[in-house]
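Protein chains in written order, with our numbering: chain A, 1 to 114; chain B, 1 to 116.
Accuracy of the hints is not assured; some may be wrong.
[Stated by the list, open to error] Computed cross-link-like contacts, DSSO-like style, restricted to lysine-lysine with a CA-CA straight-line distance of at most 30 Å:
1. A:Lys11 / B:Lys108
2. A:Lys14 / B:Lys108
3. A:Lys57 / A:Lys14
4. B:Lys78 / B:Lys108
5. B:Lys115 / B:Lys55
6. A:Lys11 / B:Lys111
7. B:Lys78 / A:Lys57
Rather than coming from a laboratory, the hints here were simulated on the basis of the structure.
As the structure is a computational prediction, the values presented were derived from the model and not from experiment.
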Amino acid sequence: DTGVSQDPRHKITKRGQNVTFRCDPISEHNRLYWYRQTLGQGPEFLTYFQNEAQLEKSRLLSDRFSAERPKGSFSTLEIQRTEQGDSAMYLCASSSIGTNQPQHFGDGTRLSIL
Amino acid sequence: AQTVTQSQPEMSVQEAETVTLSCTYDTSESDYYLFWYKQPPSRQMILVIRQEAYKQQNATENRFSVNFQKAAKSFSLKISDSQLGDAAMYFCAYRGPGGSQGNLIFGKGTKLSVKP
């Protein structure tokens, strides 16, 4: 059973640099979600895709953030001009379409801004 | 806006004993879904149990059960016969009705320690 895969597991970068994360969902899942989790908090929703269409974006997703899912399979999340406040765990989840389908999470990418 | 509140930042339980984690939520919807997720240290989040709001019967999954009180907007998790492997952060999450985007709204979590 191949679950949700995220790469890299940990990214350390200097403030002002651009970073890109990748998420490979469970293959048959149409929906893909990005969340951000800071220390001591629960995950917060960033954006979600149904197939290749980005259907919802949170107010947390500033102009420096962009997400894509070009062929409805894997997704990338890019942060431009990183800031200290971007330090967090970025979680990806996927699910089937359906009102009660659970979301399956990846291990996350931990971003540390120096 | 919907909110989820977990009022217990940390809980501790003796191995083999029972512990209950609390969760309350706020919504104006009548149809929604509630979840408990477990996040072990440095490991991925795993679904523990889920409850559909239209179902009156409380969900159970082996040693895990919920007490869903819709009128009180309360959704507590009971772990019976606690095991060392149950030690983790536990997050309560809400999801809106069908037709919404389906993103989860999480509480801040409860850190559960299990003492041998």
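Checklist entry - Any of the earlier hints contradicted here, and which numbers? => result As far as the earlier hints go, 5 and 7 are violated by this structure, in ascending order.
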